[in-house]
Amino acid sequence: MEKKEKVYVDDIDRSLYDFRYEEKDVYKVENGLTPDIVNEISEKKHDPEWMREFRLHCLEVYNNRKMADNWGPSIEGLDMDNIITYIRPNTDMKNSWNEVPDDIKNTFEKLGIPDAERKSLAGVGAQYDSEIVYHNVRKEVAEQGVVYTDIESALQDERYAGMIKDHFMKLVPPTDHKFAALHGAVWSGGSFVFVPEGVHLDIPLQSYFRLNAKGAGQFEHTLIIVSDNAYLHFIEGCSAPKYNVANLHAGCVELYVGKNAKLRYSTIENWSKNMYNLNTKRAVVSEGGTIEWVSGSFGSHVSYLYPTSILNGRGSRSEFTGITFAGKGQNLDTGSKVIHNAPDTSSYVNTKSISKSGGISTFRNAVIVNSNAVGAKSSVSCESLMLDSESRSDTIPAIVVNTNDADIGHEAKIGRISDEAVFYLMSRGISEEEAKAMIVRGFADNVSKELPLEYAVEMNNLIRLEMVGSIG
Amino acid sequence: MASLLRTDDLHVSVADKEILHGIDLEINEGETHVIMGPNGAGKSTLGYAVMGHPNYNSDSGKIYFRGNDITSDSADKRAKAGIYLSFQNPVEIPGISLSNFIRTSLEQRTGTRIKLWDFKKALAKEMELLNMDPSYADRDLNVGFSGGEKKKAEILQLLMLNPSLAILDETDSGLDVDAVKTVSEGVGIFQKEKGGALLIITHSTRILEALKVDKAHVLVNGKITASGGEEMVSDINENGFEKYIG
Chain A
1 MEKKEKVYVD DIDRSLYDFR YEEKDVYKVE NGLTPDIVNE ISEKKHDPEW MREFRLHCLE
61 VYNNRKMADN WGPSIEGLDM DNIITYIRPN TDMKNSWNEV PDDIKNTFEK LGIPDAERKS
121 LAGVGAQYDS EIVYHNVRKE VAEQGVVYTD IESALQDERY AGMIKDHFMK LVPPTDHKFA
181 ALHGAVWSGG SFVFVPEGVH LDIPLQSYFR LNAKGAGQFE HTLIIVSDNA YLHFIEGCSA
241 PKYNVANLHA GCVELYVGKN AKLRYSTIEN WSKNMYNLNT KRAVVSEGGT IEWVSGSFGS
301 HVSYLYPTSI LNGRGSRSEF TGITFAGKGQ NLDTGSKVIH NAPDTSSYVN TKSISKSGGI
361 STFRNAVIVN SNAVGAKSSV SCESLMLDSE SRSDTIPAIV VNTNDADIGH EAKIGRISDE
421 AVFYLMSRGI SEEEAKAMIV RGFADNVSKE LPLEYAVEMN NLIRLEMVGS IG
Chain B
1 MASLLRTDDL HVSVADKEIL HGIDLEINEG ETHVIMGPNG AGKSTLGYAV MGHPNYNSDS
61 GKIYFRGNDI TSDSADKRAK AGIYLSFQNP VEIPGISLSN FIRTSLEQRT GTRIKLWDFK
121 KALAKEMELL NMDPSYADRD LNVGFSGGEK KKAEILQLLM LNPSLAILDE TDSGLDVDAV
181 KTVSEGVGIF QKEKGGALLI ITHSTRILEA LKVDKAHVLV NGKITASGGE EMVSDINENG
241 FEKYIG
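Chains as they are written, first to last, in this note's numbering: chain A, 1 to 472; chain B, 1 to 246.
Do not rely on the hints blindly, as some may be mistaken.
[As the list claims (entries may be wrong)] The calculated lysine-lysine pairs, modelled on BS3-like cross-linking and capped at a C-alpha distance of 30 Å, are:
| hint | chain 1 | residue 1 | chain 2 | residue 2 |
| --- | --- | --- | --- | --- |
| 1 | B | Lys212 | B | Lys223 |
| 2 | B | Lys243 | B | Lys194 |
| 3 | B | Lys192 | A | Lys449 |
| 4 | A | Lys449 | B | Lys181 |
| 5 | B | Lys194 | A | Lys328 |
| 6 | B | Lys181 | B | Lys80 |
| 7 | B | Lys77 | B | Lys243 |
| 8 | B | Lys181 | B | Lys212 |
| 9 | B | Lys17 | B | Lys192 |
| 10 | B | Lys194 | B | Lys181 |
| 11 | A | Lys449 | B | Lys120 |
| 12 | B | Lys223 | B | Lys115 |
[Said to hold, decoys possible] Derived contacts from chain B toward chain A, CB cut-off under 10 Å, selection only:
| hint | residue |
| --- | --- |
| 13 | His11 |
| 14 | Ser13 |
| 15 | Val14 |
| 16 | Lys17 |
| 17 | Asn55 |
| 18 | Asp59 |
| 19 | Asp76 |
| 20 | Phe87 |
| 21 | Gln108 |
| 22 | Arg139 |
| 23 | Phe145 |
| 24 | Gly148 |
| 25 | Leu161 |
| 26 | Val220 |
[Unchecked claim] If you want the footprint, here are the derived chain A segments under chain B, 3+ residues with CB under 8 Å:
| hint | segment |
| --- | --- |
| 27 | 420-433 |
| 28 | 436-447 |
Just so you know, the hints here were simulated from the structure itself, not pulled from any lab data.
Beta carbons: idealized from backbone N, C-alpha and C, even for Gly.
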């Protein structure tokens, strides 16, 4: 456990440092997202020519695409100039700990990360420890032929460059939506994972906070290819809060699951509460393959997040387990989407959402069964818990079935935290705060069980911390 | 004997409707009192009010515990002081195991961590005594428990938490003969071995058969209309409330 926390800290340490370093030295041109700037990013990253052209093409799509009508939470507060400033940070942007909002700073302290480690965030030394941990893992998995690196490095490696070209933004094309186009133009950092045929990785790969890699890391790209009969558990650790002034995260995740392969993709996002999280995640699954999403959304001011599974192969499966916790000032619109595009495909969605102190949590889900998906099965269950009368919870399910032979189920429950339950726990000597936290943790229990242990512990800590001050 | 619980002219209302119209009650350490009375008389209200349910407002009058005024204390504070309420209909809470719940309660009451091994041993012992399947320890709190198992779980908590005063709200209702016997035995251990005081709310006398009773009260329309000794219980059992309803 302690080791893990150290890893978070070190990652933040490095990223903050690198970030400031970059902004001063490299990005000191005027604001505005122009072809020049995209060219500059591309040049700095030593993109191959096709990538440079692709970025410029994306920029064009981005510029020509109108902002979609607001069908979800308002993003009016999203100042496009600021995004651009962020992508190309200027010297006005300072990332000192003093600018970290109090709630996040306190969270960090209460999560038990020792003061000494937090102080070392300004230093460089400690971060090498976590790098070594990382490389150790990398070496182990490399021995099995697994590739785990960043996209930029993979692009420079002739063994993988072609693979990237064949898959990059093919699942999420830039024309998908305006922010996908933006992502394509300015993406930076992220992970590339390739698991060869038949390789079963017992240990999960974990990427912590790689968004803070050099440059405009809010637009990281994750590309994972799990070959036939292979298995991978990938953990995306966005659990550490963001501290910079950035206010947009438009990452992109593309997952390719081979025949009879299985990929489990776990994420906990705990962005700072000034973040617009407009993330796009998509998986395509071949015959007999399985994609398992585990998704925890805790942070951000506004989130639009609907990991999508495209079940293209006969008998392929998708499981989505999600939890969303919307506190004060948060409007989190989350859910999932499944497209049944082959016979005997199945999908299972199980989500919990919690809202408190005026937070808004919306479960938005779509199950689409195409006419070729004969014998498809789908089961969707969502439960919402509102902790007070000012909070809000909505459920917006869409089910489209184009075959006569499909088995579809949907179940939704929305409720408030029960006074009787709180009193019951209090009557045993448990404080009101702890009683409510216990009830919320209990509510989330069957989801948190799906999380990797350290994240489950962290989630429980987060719930407890979120509950502090929410009483009375 | 020292006074444990005392209510002074206690008036209690729920949603602006007064239910209890001035209750005077005094329970000394180790004593067992029985509150009987028809449905709707306010018996459960008294239990909730003493435990500190936020919806049960003590409009006037006072509640003292060991001489301290606890009238405005929260339920957890009262629990820590030594009051326990066995609920008539215990709430089902998913995601919290019975075992974790009891352990957390103990830890919150004492402010110290309890060794898992010691705790499990103690819990297993009390569960055996109450004829509870050990698997219930890991089940979600009251979720899917039968009526009898819920009541047993309440008495299990009573034995584990070991308060000074236990209020039993209709603990015997809805139980079969065997379950009443088991539950009653558990309460007997609390009474005799642990020397705990009891306020037993009931409208039958089955649970009282194996227990020593010091005082009985009849509660009608929010008022105590009669108080007496153990003999009153058997009288009510044979002849009903009528003559005590003043």
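Verification of the hints:
no. : hint                 : result
1   : Lys212/B to Lys223/B : holds, 24 Å
2   : Lys243/B to Lys194/B : violated, 36 Å
3   : Lys192/B to Lys449/A : violated, 43 Å
4   : Lys449/A to Lys181/B : violated, 39 Å
5   : Lys194/B to Lys328/A : violated, 48 Å
6   : Lys181/B to Lys80/B  : holds, 29 Å
7   : Lys77/B to Lys243/B  : violated, 39 Å
8   : Lys181/B to Lys212/B : holds, 15 Å
9   : Lys17/B to Lys192/B  : violated, 39 Å
10  : Lys194/B to Lys181/B : holds, 19 Å
11  : Lys449/A to Lys120/B : holds, 22 Å
12  : Lys223/B to Lys115/B : violated, 46 Å
13  : His11                : violated, 20 Å
14  : Ser13                : violated, 17 Å
15  : Val14                : violated, 12 Å
16  : Lys17                : violated, 18 Å
17  : Asn55                : holds, 7 Å
18  : Asp59                : violated, 19 Å
19  : Asp76                : holds, 4 Å
20  : Phe87                : holds, 7 Å
21  : Gln108               : holds, 5 Å
22  : Arg139               : violated, 12 Å
23  : Phe145               : violated, 14 Å
24  : Gly148               : violated, 19 Å
25  : Leu161               : holds, 7 Å
26  : Val220               : violated, 26 Å
27  : 420-433              : holds (count 12)
28  : 436-447              : holds (count 8)
Of the hints listed earlier, those the structure fails to meet are numbers 2, 3, 4, 5, 7, 9, 12, 13, 14, 15, 16, 18, 22, 23, 24, 26, in rising order.
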